[in-house]
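J.: Residue strings, one per chain:
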Amino acid sequence: MKKIIFIILFLLLLCHNNLVYGESTNEILQEQEETLGISSFIKESKKYTQESFEDIDLDSFYRSALTGKIDKNGILKGILKIAGKETIYIIRTLGYILVIIIIHSIVKNISEGLENNQIGQITYYVQYILIVTLVMGNFSEVILLIKETINNLVGFLNSLLPILIALMVSTGNLVTASTVEPILLIAITFIGNIISSVFLPLILVGTLLGIISKISDKIQINKLSKFFKSSVVWTLGILLTIFVRNFITRRKLNK
Amino acid sequence: MEIIKIVGIAISAVVIMIVIKQYKPEFAIYISLIVSALILLSVMDKLSGIVELLMNLSNKINGGEEFLKILMKITGIAFLTEFAVNICKDAGENAIGAKVDLGGKVLIISMSIPIISSMLETILKILP
Chain A
1 MKKIIFIILF
11 LLLLCHNNLV
21 YGESTNEILQ
31 EQEETLGISS
41 FIKESKKYTQ
51 ESFEDIDLDS
61 FYRSALTGKI
71 DKNGILKGIL
81 KIAGKETIYI
91 IRTLGYILVI
101 IIIHSIVKNI
111 SEGLENNQIG
121 QITYYVQYIL
131 IVTLVMGNFS
141 EVILLIKETI
151 NNLVGFLNSL
161 LPILIALMVS
171 TGNLVTASTV
181 EPILLIAITF
191 IGNIISSVFL
201 PLILVGTLLG
211 IISKISDKIQ
221 INKLSKFFKS
231 SVVWTLGILL
241 TIFVRNFITR
251 RKLNK
Chain B
256 MEIIKIVGIA
266 ISAVVIMIVI
276 KQYKPEFAIY
286 ISLIVSALIL
296 LSVMDKLSGI
306 VELLMNLSNK
316 INGGEEFLKI
326 LMKITGIAFL
336 TEFAVNICKD
346 AGENAIGAKV
356 DLGGKVLIIS
366 MSIPIISSML
376 ETILKILP
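Listed in order, the protein sequences are those of chains A and B.
Numbering-wise (our numbering), the first sequence opens with residue 1 and increments by one.
Numbering-wise (our numbering), the second sequence opens with residue 256 and increments by one.
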């Protein structure tokens with residue numbers, strides 16, 4: 001009797017197992033996507049990738065990545081496009097500077113023999129202003145890029161963090177999730193803010209002082225601009241060190 | 256072969272002047288004036304080639320043309336001033352030469368004001 005009941009139970013168990021296998025991987029993926037909020041993250045991150053990765057649709061990219069197929073060529077092409085754009089711009093600026101220097105050398109050659117040495121000074125001014133204007137155009141572009149990057153970074157992390165936290169919670173790291181979120185958020189927004197509101201103006205003022213000190217040989221404020229620049233570099237380094245150290249100690253403590 | 260022309264004009268002028276100075280020294284200054292004008296005019300068309308080249312080069316930079324125009328004008332003023340000052344000095348009128356020099360300098364500074372102001376603008380534009 002016992003044996004029969006055992007066999008029936010065993011068969012029932014087998015049947016039950018078979019029933020469980022009916023759920024497809026797609027459904028599981030869908031379910032996890034909904035619980036972790038990945039689709040909203042992808043929707044959010046689309047606005048950061050649209051500019052440089054035009055031919056990559058994040059949604060389909062994510063779907064193909066789930067099955068193990070990653071479109072490496074598309075990513076490489078996008079990265080090359082970004083790098084190529086900047087390089088071409090810089091090379092064009094260099095060509096402009098070369099032309100300006102050639103013009104300057106010709107004009108200087110003409111006017112050097114004159115008794116009136118003011119001409120040489122004015123020529124120098126003109127050439128200097130042209131070069132400064134060109135380089136400044138490039139420089140302000142870089143500054144704008146930095147500001148945009150910081151804003152994007154903070155926004156992206158803000159949209160990425162909830163998913164990370166949800167992942168942590170779902171894998172059982174409740175304590176880490178509850179402590180890391182505020183620390184990370186505060187650190188990221190703090191560093192982003194301090195770079196865009198303190199360091200960028202400092203760098204601008206330092207560059208300005210460098211430009212001014214080159215106008216005349218007699219007025220030298222080069223050291224001040226160097227001081228600004230090195231102080232920015234040092235404070236950035238210290239801030240990042242503190243950030244990383246905090247992060248690591250928290251992680252160690254939470255383990 | 257421009258240089259042979261210039262040298263020929265100059266040497267013949269010097270010979271004429273040495274001869275004339277013994278009889279009518281006041282005419283020597285006219286000869287020197289004419290010779291300097293002749294030499295200047297004979298090299299003028301070469302200068303225009305240089306200016307054309309510079310203008311062509313400056314067309315490659317956006318926003319460089321007006322600066323280069325000012326630069327050319329300043330160089331021209333400097334040339335003419337130098338020319339006039341030298342003639343005045345030859346004639347023994349150093350005082351007038353100094354005045355011409357002063358006038359040229361003032362003109363040069365007044366023409367370079369747009370450049371200086373644009374430099375200031377560039378600097379102020381960078382300021383946050």
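These are computed hints drawn from the structure, not numbers from a lab.
There's no promise every hint is true.
As the list claims (entries may be wrong) - The list that follows gives simulated cross-link-like pairs (lysine-lysine, BS3-like), each with its CA atoms no further than 30 Å apart:
| id | chain 1 | residue 1 | chain 2 | residue 2 |
| --- | --- | --- | --- | --- |
| 1 | A | K214 | B | K276 |
| 2 | B | K324 | A | K214 |
| 3 | A | K85 | B | K301 |
| 4 | B | K315 | B | K380 |
| 5 | B | K279 | A | K108 |
J.: Can the restraint linking K85 of chain A and K301 of chain B be considered satisfied, given a maximum Cα separation of 30 Å?
T.: violated (42 Å)
J.: Given the hinted pair K324 of chain B and K214 of chain A, is their alpha-carbon gap at most 30 Å?
T.: Roughly 24 Å separates the two Cα atoms, so the pair holds.
J.: Given the hint that K315 of chain B pairs with K380 of chain B, does the C-alpha gap stay at or below 30 Å?
T.: holds (24 Å)
J.: Can you confirm whether the C-alpha distance between K214 of chain A and K276 of chain B stays at or below 30 Å?
T.: violated (53 Å)
J.: Would you check the hint for K279 of chain B and K108 of chain A, treating anything up to 30 Å between C-alpha atoms as holding?
T.: violated (41 Å)
Of the numbered hints given earlier, the model fails hints 1, 3 and 5; all others are met.
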